[in-house]
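Chemist: Chains as they are written, first to last, in the numbering used here: chain E, 9 to 581; chain R, 249 to 297.
These aren't lab readings, by the way, just hints derived from the structure by calculation. There could be a bad hint or two in this list.
Unchecked claim - Cut-off 25 angstroms, straight-line C-alpha distance, at most; resulting in silico cross-link-like pairs (BS3-like, lysine-lysine):
hint: 1; chain 1: E; residue 1: Lys343; chain 2: R; residue 2: Lys296
hint: 2; chain 1: E; residue 1: Lys221; chain 2: R; residue 2: Lys266
hint: 3; chain 1: E; residue 1: Lys66; chain 2: R; residue 2: Lys266
hint: 4; chain 1: E; residue 1: Lys264; chain 2: E; residue 2: Lys231
hint: 5; chain 1: E; residue 1: Lys396; chain 2: E; residue 2: Lys471
What the hints assert, rightly or not - Derived DEER-like restraints, expressed as beta-carbon distance ranges:
hint: 6; chain 1: E; residue 1: Ser397; chain 2: R; residue 2: Ala262; range: 51 to 59 angstroms
hint: 7; chain 1: R; residue 1: Glu293; chain 2: E; residue 2: Glu377; range: 27 to 35 angstroms
hint: 8; chain 1: E; residue 1: Gln190; chain 2: R; residue 2: Glu269; range: 47 to 55 angstroms
hint: 9; chain 1: R; residue 1: Ala262; chain 2: E; residue 2: Ser155; range: 41 to 49 angstroms
hint: 10; chain 1: E; residue 1: Ser397; chain 2: R; residue 2: Thr272; range: 46 to 54 angstroms
hint: 11; chain 1: E; residue 1: Gly110; chain 2: R; residue 2: Ala262; range: 22 to 30 angstroms
hint: 12; chain 1: R; residue 1: Gly268; chain 2: E; residue 2: Val23; range: 24 to 32 angstroms
hint: 13; chain 1: E; residue 1: Pro482; chain 2: R; residue 2: Ala262; range: 35 to 43 angstroms
hint: 14; chain 1: E; residue 1: Ser397; chain 2: R; residue 2: Glu293; range: 40 to 48 angstroms
hint: 15; chain 1: R; residue 1: Ala262; chain 2: E; residue 2: Pro193; range: 52 to 60 angstroms
hint: 16; chain 1: E; residue 1: His542; chain 2: R; residue 2: Thr272; range: 27 to 35 angstroms
hint: 17; chain 1: E; residue 1: Gln26; chain 2: R; residue 2: Glu269; range: 36 to 44 angstroms
We put the beta carbon where it would ideally sit given N, CA and C, even for glycine.
Spelled out, the chains give:
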Amino acid sequence: MNAPKVDQFEGEPPVEPQPKTLAIVQITRIGDLLQTYIAAKSLRTQRPDLRLVLIARKSFAAPLKFLLSEVFDEIFMLDYERLIENAHSLSDIQDNLKEFTGKINNLEIDVLINLSFSTTAEYFTSLIQSKFLLGPVRANNGLLSISDKWSKFVFSNVMRGDLNPFALVDIFKFILGVELKQPEPIVKKENTLKNMVIHPFASQDRKYWKSVKWVELIYKTLKEKPETIISIVGSKEEREIAEEIANNPILSKFRKSIRNLAGLTSIEELFNHLKRADLFVGHDSMVGHLAAIAELPTITISLGSVRPNETTPYSTKAINIAPKTKCFPCFPDEKCEFYQCHADIGHQIVYSAINQIAGKGEITVEQMEKENSTFYLNSVNFYASNFKSTNLFSLNTLNKDYSDVKTIMRTFLRMGWLYLFEEKEENHDYPLINATIYDQLVNVNEGLKNLYDLAEFGKKYSKDIIEEVSSDTPDIAKIKSLSGKIDEIDELQEIVRQGYPLLAPIVDYFKVDKANLKGQNIVHLSESSFYSYHHCSSLCNIMFELIQKTVSEFKIKNTNYNTNEKESQGGQV
Amino acid sequence: MENIKSELQSSIDAITKKAGEGLTLEAEDLEILFLATFIDEEQRERAKS
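Between the sequences and the hints, there should be enough to build the whole structure, so can you do that?
Modeler: Next comes the structure, spelled out in structure tokens:
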């Protein structure tokens, strides 16, 4: 061995350690990009040493460059025109793509995180090289593969039902490994409403009111608050409808107080406009997220397929008004002839929220009750943003009436997932329940018992496989039989899911978990399967205990329990 | 664009056959699958606006 002499290196500059490179793929819509920006900004603050790279669609990332470049060292923009439209053949397109991915691959990425949950993004991520990978990706058999728990959670729970209790930004923070911290509280400027910005649009018809309801809201606001200037914002495509609203004859006497800025501003100009405003009112769209980033109080009217818990603007001053319509929230591709949820939120309710935010800076149900008839109040839920002791975003229900079983399950699932994934404990008040909810919860616990038993069987059979494989003379027939029993358990879990739809989040998550078991041989796969069942039984156990405590408290306080009686309870879970 | 789409479809058919036979997909196959979904998404988005 000819080891180099120490003096050989004299005079050479010391080698600077290279910063670690973390690249994020976010090629879905602009709202997702803004939520990614919020999560990545926390990472940037906590880890200034990292080289942060973003890969996003040009059509969405270019207008946000003024924000994104604060956080990301490099931004690669996937440009449809450059990649596809100017090409003459498929081989040209492939060359263009190779050139694009080649530039990214030259970065020597340490960690690649796909935060966009779409098939396109899964394939794209498979083309990028990195030492570590998080998020969904297509493996070399073309099948989907997800290695981390929070990405499995997104895949199984976000936009699947309506029981996801977490804000998308917080989930992104967990995936990125960010230490959770609350955003700075929004300080209310003055006790007036000089400038209000509205965005009466969203990505789909089902998510936004028809113009007439906005006209009614504007009329009411300007009648009560003649000092207010209302700016209507939106894209070029939305300008025509914005014009319809602004020029509606009902609003003729308020013409000077309404400005139609739709299609006239860049997103950067819109952001600066929001920074000078007092309040934003709109639906679930990217403008709400932009308003939260601009530290503006927001009121969101959630309609159609919107899940308030997932996408309410991430700030300390966010109000969400959602209908109690039975079918709300629906799914984007479900047919709907008549948008009942649109009718269930009256403009009077929204004005009342505006009035209170403009006054005290917060809304209370007492004031809502003073200002509105029960006819309007009974059809809506009010939520206010709040950051819990865990520093996680939460939407608190402001309504005084009994919780519904879904809200209770959402809270318990939140506590369960947090403990299971992060070993975090979050305290919540006991939910207010009545006899109907009592019965529903008791029923859910029956399902949980079944699910727990199945998971325990799953653990046993996984362990039996490991023992059989490790024996001196493994019996292949026995291993096959045990493996068949595990398949049966998975089928039975699916039956539990159908019988107890409120347990769908748990069954769906562990289905994805088991589809992504780690290991290249039967022992490792069985070990991985054992842990998956173990986590399932732990979660069922936590949920069971929470429900059991809730129903026991109800029973104690209602010794003369009667199915027609409505009694409340207090305390902490 | 129609020619490109037809070329893409032939490639996808070949990849589907390959995947069905349990063969490993190459980087080029994943590129094709990405391009197919990307073009489809972009065109749907443009049709909406």
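Chemist: Take the hints in turn and mark each one as holding or not.
Modeler: Each hint tested on the structure:
Under the criterion of a C-alpha separation no larger than 25 angstroms, the hint pairing E:Lys343 with R:Lys296 is consistent with the structure, at around 17 angstroms. With a CA separation close to 54 angstroms, the supplied pair E:Lys221 and R:Lys266 exceeds the 25 angstroms bound. The suggested pairing of E:Lys66 with R:Lys266 is violated, with an alpha-carbon distance near 33 angstroms, which exceeds 25 angstroms. With a C-alpha separation of about 13 angstroms, the suggested pair E:Lys264 and E:Lys231 falls inside the 25 angstroms cut-off, and the hint holds.
Proximity of E:Lys396 to E:Lys471 is assessed by CA-CA distance (about 39 angstroms); at most 25 angstroms being required, the pair is judged violated. The supplied range of 51 to 59 angstroms is met by E:Ser397 and R:Ala262, whose beta-carbon atoms lie about 56 angstroms from each other. Distance hint check: the CB atoms of R:Glu293 and E:Glu377 are about 44 angstroms apart, inconsistent with the given range 27 to 35 angstroms. Our hint of 47 to 55 angstroms for E:Gln190 and R:Glu269 holds, since their Cβ atoms are close to 53 angstroms apart.
For the hinted restraint 41 to 49 angstroms between R:Ala262 and E:Ser155, the CB-CB distance of approximately 29 angstroms leaves it violated. Take E:Ser397 and R:Thr272: their Cβ atoms lie about 49 angstroms apart, and the range 46 to 54 angstroms holds. The beta-carbon spacing between E:Gly110 and R:Ala262, approximately 24 angstroms, falls within the hinted interval of 22 to 30 angstroms. Hint check: R:Gly268 to E:Val23, Cβ distance near 50 angstroms, so the stated range 24 to 32 angstroms is violated.
For the pair E:Pro482 and R:Ala262, the supplied restraint of 35 to 43 angstroms holds, since their beta-carbon distance comes to about 40 angstroms. Between E:Ser397 and R:Glu293, the C-beta spacing of about 41 angstroms keeps the proposed range 40 to 48 angstroms intact. For the hinted restraint 52 to 60 angstroms between R:Ala262 and E:Pro193, the CB-CB distance of approximately 58 angstroms keeps it satisfied. A hinted range of 27 to 35 angstroms holds for the C-beta pair E:His542 and R:Thr272, which are about 32 angstroms apart.
Take E:Gln26 and R:Glu269: their Cβ atoms lie about 42 angstroms apart, and the range 36 to 44 angstroms holds.
Comparing the model with each earlier hint shows violations of hints 2, 3, 5, 7, 9 and 12; every other hint is respected.
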